[in-house]
Amino acid sequence: MTERTSNTADRPGAATVPPDRVADRYGTRPRRHRPWLPYALGAAAILIGVAVAVAAYLKFGPKDIEPEQLGYSVVNDSTLDIHFKVTREHPDRPIVCFVRAMDSDQAEVGRREVLIPASTSGTVELNATVRTTGRPAAGDIYGCSDKIPAYLRAG
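Numbered according to the UniProt record's numbering, the sequence shown spans residues 1 to 155.
Since the hints were derived computationally from the structure, they do not count as laboratory data.
The beta-carbon is built from N, C-alpha and C at its ideal position, and this holds for glycine as well.
Mixed in with the good hints, there may be bad ones.
[As the list claims (entries may be wrong)] Taking lysine-lysine pairs in the DSS-like style, the calculated list, with each CA pair at most 30 Å apart, reads:
(1) Lys63 - Lys147
(2) Lys63 - Lys85
(3) Lys59 - Lys85
(4) Lys85 - Lys147
(5) Lys147 - Lys59
[Said to hold, decoys possible] Distance ranges between label pairs, derived from CB positions:
(6) Pro62 - Thr129: 28 to 36 Å
(7) Glu89 - Arg153: 14 to 22 Å
(8) Val74 - Gly42: 54 to 62 Å
(9) Glu68 - Arg111: 13 to 21 Å
(10) Asp146 - Gln69: 17 to 25 Å
(11) Gln106 - Thr129: 28 to 36 Å
Let the sequences and hints guide you as you build the complete structure.
Structural data, given as structure tokens:
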């Protein structure tokens, strides 16, 4: 008795079935026509691009308060003077800036909050003296805010 196998590739000399015969026997699926697909992909790409641009602008764009360090000088083993400038969008509002002193290992050895009162000028230059617990090696501006702690507010 001879066994029939459904796989013709196992038999030597057997020919493969042409694709046309398979299509004739089983039929073909109609090709889906999607004319909207390129438009949808283009719209999605534009939306993603706009979202990335907005996120970058919010993160790296102009800020309401922009501090800039102009320099610092070590006065002695426990004192550092920091010279900085602050540009703000609303000079009629007071702000607070946090300046700090670091030692040679970049550990913070002193910090000070500097109250900058309201003024008519959008940019002000300031000097701040920071008392330290160790020998300072560098100073910087940690940040500025318009949210002033109650203990810094006048009266």
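We went through each hint and held it up to the structure:
| no. | hint | result |
| --- | --- | --- |
| 1 | Lys63 - Lys147 | holds (15 Å) |
| 2 | Lys63 - Lys85 | holds (14 Å) |
| 3 | Lys59 - Lys85 | holds (21 Å) |
| 4 | Lys85 - Lys147 | holds (19 Å) |
| 5 | Lys147 - Lys59 | holds (19 Å) |
| 6 | Pro62 - Thr129: 28 to 36 Å | holds (30 Å) |
| 7 | Glu89 - Arg153: 14 to 22 Å | holds (21 Å) |
| 8 | Val74 - Gly42: 54 to 62 Å | holds (59 Å) |
| 9 | Glu68 - Arg111: 13 to 21 Å | holds (19 Å) |
| 10 | Asp146 - Gln69: 17 to 25 Å | holds (20 Å) |
| 11 | Gln106 - Thr129: 28 to 36 Å | violated (21 Å) |
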